[in-house]
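Chains as they are written, first to last, in this note's numbering: chain A, 23 to 127; chain B, 100 to 292.
Don't read these hints as lab results, they were simulated from the structure.
Since the structure is predicted, the reported quantities are computational estimates derived from the model, not experimental observations.
The C-beta atom is built at its ideal place from N, Cα and C for all residues, glycine as well.
Mixed in with the good hints there might be a few duds.
Just a few of them, taken from the derived set where beta-carbon distance is under 8 Å, the chain A residues facing chain B [claimed, not checked]:
1) Y48
2) E62
3) S63
4) K91
A short list of chain A residues far from chain B (calculated; beta carbon distances all over 10 Å) [to be verified]:
5) D24
6) A38
7) D44
8) V58
9) S75
10) F106
11) W110
12) K121
13) G122
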Amino acid sequence: MDIQLKKGLIEICVLASLKKNDSYGYQIIKDLSVCVAISESTLYPILRRLESSECLKVYTMEHNGRLRKYYHLTVKGRERIDEFLEDWDQIMNIYEYIKGGNENE
Amino acid sequence: MNKQEFMQLLEQRIKLLPLSERHRLINFYNEALEDRIEEGMSEEEAVASLDGLDELSLNLYDEIKAAPIEKGKRPNIIPCAVKWFLIVLTSPVWLMIPVILFILLLVWGLLLVILLVFGLCFLIMAVCGFFLMPSVFHANFASFVVLVGTVLFSIGLAPWCWFGFKAWTPAFVNCCKSMPGWCLSQWQKAVNA
Chain A
23 MDIQLKKGLI
33 EICVLASLKK
43 NDSYGYQIIK
53 DLSVCVAISE
63 STLYPILRRL
73 ESSECLKVYT
83 MEHNGRLRKY
93 YHLTVKGRER
103 IDEFLEDWDQ
113 IMNIYEYIKG
123 GNENE
Chain B
100 MNKQEFMQLL
110 EQRIKLLPLS
120 ERHRLINFYN
130 EALEDRIEEG
140 MSEEEAVASL
150 DGLDELSLNL
160 YDEIKAAPIE
170 KGKRPNIIPC
180 AVKWFLIVLT
190 SPVWLMIPVI
200 LFILLLVWGL
210 LLVILLVFGL
220 CFLIMAVCGF
230 FLMPSVFHAN
240 FASFVVLVGT
250 VLFSIGLAPW
260 CWFGFKAWTP
270 AFVNCCKSMP
280 GWCLSQWQKA
290 VNA
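This is chain A alone, in the form it adopts within the complex (with noise of 0.2 Å):
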């Protein structure tokens, strides 16, 4: 897959992982496993972009007498994915085109 296109497919399925809860790095890649395999080299900018957009925010909690990062999906990264649901029409349009112009060959 085109790693642009990719990658904005995994922004929005990390957004739509904190959908329902806060969670933390492993927990997303874990939850992401079922559609896409991403690791932490993929993860950690993908959160990182996303926190500086503010489509995430970030706490800290303890946990098992450490410190671990969650990440809480924010109105503005609910609104992303609104977007690209409303996009999606437009998205399957264009693979319709793409599609039928290779049937055509």
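Knowing the structure of chain A, use the given hints to seat chain B on it.
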């Protein structure tokens, strides 16, 4: 490879990243390994489940796009507290520079004012002397000669004063405008050095 070895290698690989970024990243990976170990993996298994370090650092530099410490740029070796101490200690020297410049500008401005005032005075003297000439001529010849001399003297000096004022004023205005900016830029250079 155990956790400690992995973290040491990671630190080496990311040493070109900014310090705050390094701390964040090390905490992130430390957390990731702790979570895996907590789940029942051994340290070696946890490390093995992560990306290889080469792939990891390549991915990170590509993604974070944090410029490595610029090659050729001299690292700032003077600690901040020492730098401020030196700035305060040497303040009598560098503080004198803007003060002296300010005094020079003040003198320059004063000279321009003098030129303008003298020029106007000579002009007024010349005009008034010219109109007084007939009456003084009829009253006293000696006074008339002195008056003619004064008028000629005034006519001769007024243009010089005016030209001097006109020629030096733009340079003076430019200096007044640029001096605070120049002082500020020198100050910033000194602080950033």
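Regarding the assertion that S75 (chain A) does not contact chain B, is the least Cβ-Cβ distance greater than 10 Å? 14 Å, holds
When you look at the beta carbon of F106 (chain A), is every beta carbon of chain B farther off than 10 Å? 20 Å, holds
Verify this label for me: D24 (chain A) is non-interface relative to chain B, using a Cβ-Cβ cutoff of 10 Å. Nearest chain B Cβ is 15 Å from D24 (chain A), so the label holds.
Return the status of the interface hint for K91 (chain A): holds when the least beta-carbon distance to chain B is below 8 Å, violated otherwise. With a minimum Cβ separation of about 6 Å from chain B (threshold 8 Å), the hint on K91 (chain A) holds.
With 10 Å as the threshold, tell me whether G122 (chain A) passes as away from chain B on beta-carbon distances. Non-interface label stands for G122 (chain A): nearest chain B Cβ at 35 Å, farther than 10 Å.
Distal placement of V58 (chain A) relative to chain B, Cβ over 10 Å: Holds, because the least Cβ-Cβ distance between V58 (chain A) and chain B comes to about 15 Å, which exceeds 10 Å.
Evaluation of the interface hint that places E62 (chain A) against chain B, nearest CB under 8 Å: 5 Å, holds
Does the claim that D44 (chain A) lies off the interface hold, with its Cβ farther than 10 Å from every Cβ of chain B? 15 Å, holds
Given Y48 (chain A) as an interface hint, is its Cβ closer than 8 Å to any Cβ of chain B? 4 Å, holds
Distal placement of A38 (chain A) relative to chain B, Cβ over 10 Å: 20 Å, holds
Was the hint right that S63 (chain A) lines chain B, CB cutoff 8 Å? 4 Å, holds
Are all C-beta atoms of chain B more than 10 Å from that of K121 (chain A)? Nearest chain B Cβ is 31 Å from K121 (chain A), so the label holds.
Against the hints set out earlier in the document, no violation occurs for any number.
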